[in-house]
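J.: Line by line, the protein sequences give chains A and B.
Under our numbering, the first residue of the first sequence is numbered 1, with each subsequent residue one higher.
Under our numbering, the first residue of the second sequence is numbered 462, with each subsequent residue one higher.
Note that these hints are calculated values from the structure, not bench results.
Hints should not be assumed to be uniformly reliable.
[As the list claims (entries may be wrong)] Quick list of the computed label-pair ranges, beta carbon to beta carbon:
(1) Met253(A) x Ile593(B): 28 to 34 Å
(2) Lys496(B) x Ile15(A): 49 to 55 Å
(3) Thr353(A) x Asp495(B): 29 to 35 Å
(4) Cys440(A) x Asp495(B): 55 to 61 Å
(5) Asn509(B) x Ala264(A): 55 to 61 Å
(6) Gly305(A) x Gly627(B): 56 to 62 Å
[Claimed, not checked] No more than 25 Å apart at the CA atoms, straight line, and that leaves these computed lysine-lysine pairs for BS3-like:
(7) Lys578(B) x Lys359(A)
(8) Lys572(B) x Lys665(B)
(9) Lys359(A) x Lys665(B)
C-beta: ideal position from N, C-alpha, C; glycine also.
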Amino acid sequence: MSFPVILGVLVLLTILGFFVGRSRAMGVVGGQANQLHSRPHYYGHFIGAWCAIPGVLLFLAWVALETSVIESMVIASLPPNLANLPQAEMNLLINDIVNLSRGDVTSRAVVETDVRAAADFYAQLKSSSKTLLLAITVVLALAGMLFARARIAPDLRARNRVERVVMIIMIICSTIAVLTTIGIVLSLVFESLRFFQKVAPTDFIFGLEWSPQTALRADQVGATGLFGAIPLLAGTMLISFIAMCVAAPVGLMAAIYMSEYAPAKVRGAVKPALEVLAGIPTVVYGFFAALTVAPFFRDTGIELGLVISSESALAAGMVMGIMIIPFVSSLSDDVISAVPQSLREGAYGLGATKSETIKQVILPAALPGIVGSLLLAVSRAIGETMIVVMAAGLAANLTANPFEAVTTVTVQIVTLLVGDQEFDSAKTLAAFALGLILFCVTLVLNIIALSIVNKYREQYD
Amino acid sequence: MNDSATNETQAGTDAAGDEKVKLLSRGVKVFYGDKQALFDVDLDINENEVTALIGPSGCGKSTYLRSLNRMNDTIDICRVEGDIILDGDNIYDKAVDVVHLRARVGMVFQKPNPFPKSIYDNVAYGPRIHGIATGKEELDGIVQTALEKAGLWTEVKDRLDAPGTGLSGGQQQRLCIARAVAVSPEVILMDEPCSALDPIATAKIEELIDELRENFTIVIVTHSMQQAARVSQKTAFFHLGYLVEVDETEKMFTNPSDERTQGYITGRFG
Ligand SMILES: Nc1ncnc2c1ncn2[C@@H]1O[C@H](COP(=O)(O)OP(=O)(O)OP(=O)(O)O)[C@@H](O)[C@H]1O
Ligand SMILES: [Mg+2]
Chain A
1 MSFPVILGVL VLLTILGFFV GRSRAMGVVG GQANQLHSRP HYYGHFIGAW
51 CAIPGVLLFL AWVALETSVI ESMVIASLPP NLANLPQAEM NLLINDIVNL
101 SRGDVTSRAV VETDVRAAAD FYAQLKSSSK TLLLAITVVL ALAGMLFARA
151 RIAPDLRARN RVERVVMIIM IICSTIAVLT TIGIVLSLVF ESLRFFQKVA
201 PTDFIFGLEW SPQTALRADQ VGATGLFGAI PLLAGTMLIS FIAMCVAAPV
251 GLMAAIYMSE YAPAKVRGAV KPALEVLAGI PTVVYGFFAA LTVAPFFRDT
301 GIELGLVISS ESALAAGMVM GIMIIPFVSS LSDDVISAVP QSLREGAYGL
351 GATKSETIKQ VILPAALPGI VGSLLLAVSR AIGETMIVVM AAGLAANLTA
401 NPFEAVTTVT VQIVTLLVGD QEFDSAKTLA AFALGLILFC VTLVLNIIAL
451 SIVNKYREQY D
Chain B
462 MNDSATNETQ AGTDAAGDEK VKLLSRGVKV FYGDKQALFD VDLDINENEV
512 TALIGPSGCG KSTYLRSLNR MNDTIDICRV EGDIILDGDN IYDKAVDVVH
562 LRARVGMVFQ KPNPFPKSIY DNVAYGPRIH GIATGKEELD GIVQTALEKA
612 GLWTEVKDRL DAPGTGLSGG QQQRLCIARA VAVSPEVILM DEPCSALDPI
662 ATAKIEELID ELRENFTIVI VTHSMQQAAR VSQKTAFFHL GYLVEVDETE
712 KMFTNPSDER TQGYITGRFG
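Using the sequences provided together with the hints, build the complete structure.
T.: Here is the structure:
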């Protein structure tokens, strides 16, 4: 007997409940469906809900509580010499009991009879727990079915009730998404607070140097590490700026071509082709940036007498720009195409040329949407990690020179958490603080983008 | 074929009168892809007159109107055959610049379509692109005159910087008329300009059309018999892609020669 089987039984009972409900409803009115308050199938759903909901709630509660209840029952059954172990050893013992009950090897050299007996008891509890759950579920579902069936009458407002149940389910689903976000933000905030107990917030937000290595011995140089986030933010902005310098003009031109000039066939082929760019894994771009673009810039730099390091913000930014072209082009294309044809004809009707129409009428009309698409592309650039790791390096230089190596917030989060770390050192906690900053920046950008896009929507309704 | 013969005679009489023919159509056929929407339309449009195009939905009124300023060029699958002659020049001639043509033959659409710009900029847009005004003051003058001609000046003179899209439907349509007038075209084409408006706004625009007739040649598509009777001097009746009959408006509404026209006007079909 296992959980899936129990769920299966519940589903079958619910389906049965549906048919019972429908035929009962028809029976009550002698087959004249128009005498019922709601359509017959709503009565089916009504009984189905009464079968399923108590069972599902019980099932969820059971799954959540089963392990801890069984464990405490096993502990209670242990002889006194084992029952009074300290917490850490008790955890080990429980582990062994669980493993033994599954027939696995244990960490114990000799398995005492008491432990063996506890393991058997555990296994027995487990299986009877399932049987018990099945029994209760079936009883609950049948009780629900009978209860609901007894209430079916021609004037029972089954549709309203079923619709309310569906609405509650939808509310629960949307709450899950919201709660997840809140949970993530809270964990970021709390871990950041712990970080700020070790490093002053001002040092973090305004500090000009980033070298998060903490020393192994207390007397080493730089024992505390330096956690100034400015070089990372500057690096992020520099690379995003370069990326936008590539993506904005190229993406916009492509969008204008696709929506205004390209014949429908070309547009149908070019648009998906551009969107494929967005589907390439970023690590592939990073590879391309590190092995092709960056060395190319370095060599060109040598020819021109410029010093371009082999890992440069320029290389990373350019490749990132290419990666986000489809975000700009595809969204802008949609927005430009959404400008009503009547505006174009209005301009043509005054004797405007095509390019005048595009520059002076269509682009201004589409501007809010275009700005929205650019901001979404910026958020994407800020969040991008892989390309920067591979092409721009890890050195936290505070510079505005695109030929030098820089690093970004996301890259540092990765390097801080890669490898074995204590989880409460300033170094690991710094990752949460960086994550919080990143979250705030992208949140603000998204809010701006969304509000601009919304404003745009109102215009043509 | 009988009909087109009638038209020829009609056109002949007109040309002989004191009116000057502004826009001359001969054998105009329009195709959307393989589908023919207009068949051999011969129609003369007189200068400083209002010509109304009437007919049941889908009969090709808009199609004909849009072929008069080559607005159909913007539709990929659309093809126009035949001659449309504006002041002696064929507008479908290779040498004709469509941008220049549309500055001479302006258009007002069924749904008001002000640009998302200020009221002032909406009206000033045409004069600006054509470089009509030499200075700010002259442009102000053009804008004011156009708004006055469109009967909108007193309503908007204090808020010229407000967005044109913020006006009421009727005001927007008059703004679009002002915008068309500001380029001083010779012909103004109107495709059901009042269909989105209430009776009061409609009355205003009809009055306006009557005044505009002094300076412009106007072609108007309408579904309202009363409107055609009120504003036009000449009426053309289209049916299933054919120009059935064209005559003085009064004669059309009192004594049409074709029984299809009779049927449509008295509401027997359409
Ligand atoms: N863009 C287009 N593509 C294909 N067919 C079209 C197009 N525009 C119009 N047509 C067809 O051409 C014919 C004439 O259409 P048109 O719009 O000129 O009619 P109309 O007389 O203006 O009708 P209404 O009074 O409803 O505006 C119709 O059969 C229509 O389906
Ligand atoms: Mg039409």
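J.: Taking the hints in turn, state whether each one holds.
T.: We went through each hint and held it up to the structure:
1. Met253(A) x Ile593(B): 28 to 34 Å: 31 Å, holds
2. Lys496(B) x Ile15(A): 49 to 55 Å: Given about 53 Å between the Cβ atoms, the range holds.
3. Thr353(A) x Asp495(B): 29 to 35 Å: Taking Cβ atoms as reference, Thr353(A) and Asp495(B) lie about 31 Å apart, which means the hint holds.
4. Cys440(A) x Asp495(B): 55 to 61 Å: Roughly 59 Å apart at Cβ, these two residues keep to the hinted range, so it holds.
5. Asn509(B) x Ala264(A): 55 to 61 Å: Violated, since Asn509(B) and Ala264(A) (Cβ atoms, about 42 Å apart) do not stay within the stated range.
6. Gly305(A) x Gly627(B): 56 to 62 Å: Roughly 58 Å apart at Cβ, these two residues keep to the hinted range, so it holds.
7. Lys578(B) x Lys359(A): 13 Å, holds
8. Lys572(B) x Lys665(B): 16 Å, holds
9. Lys359(A) x Lys665(B): 34 Å, violated
Consistency with the previously given hints fails for numbers 5, 9, ordered from lowest to highest.
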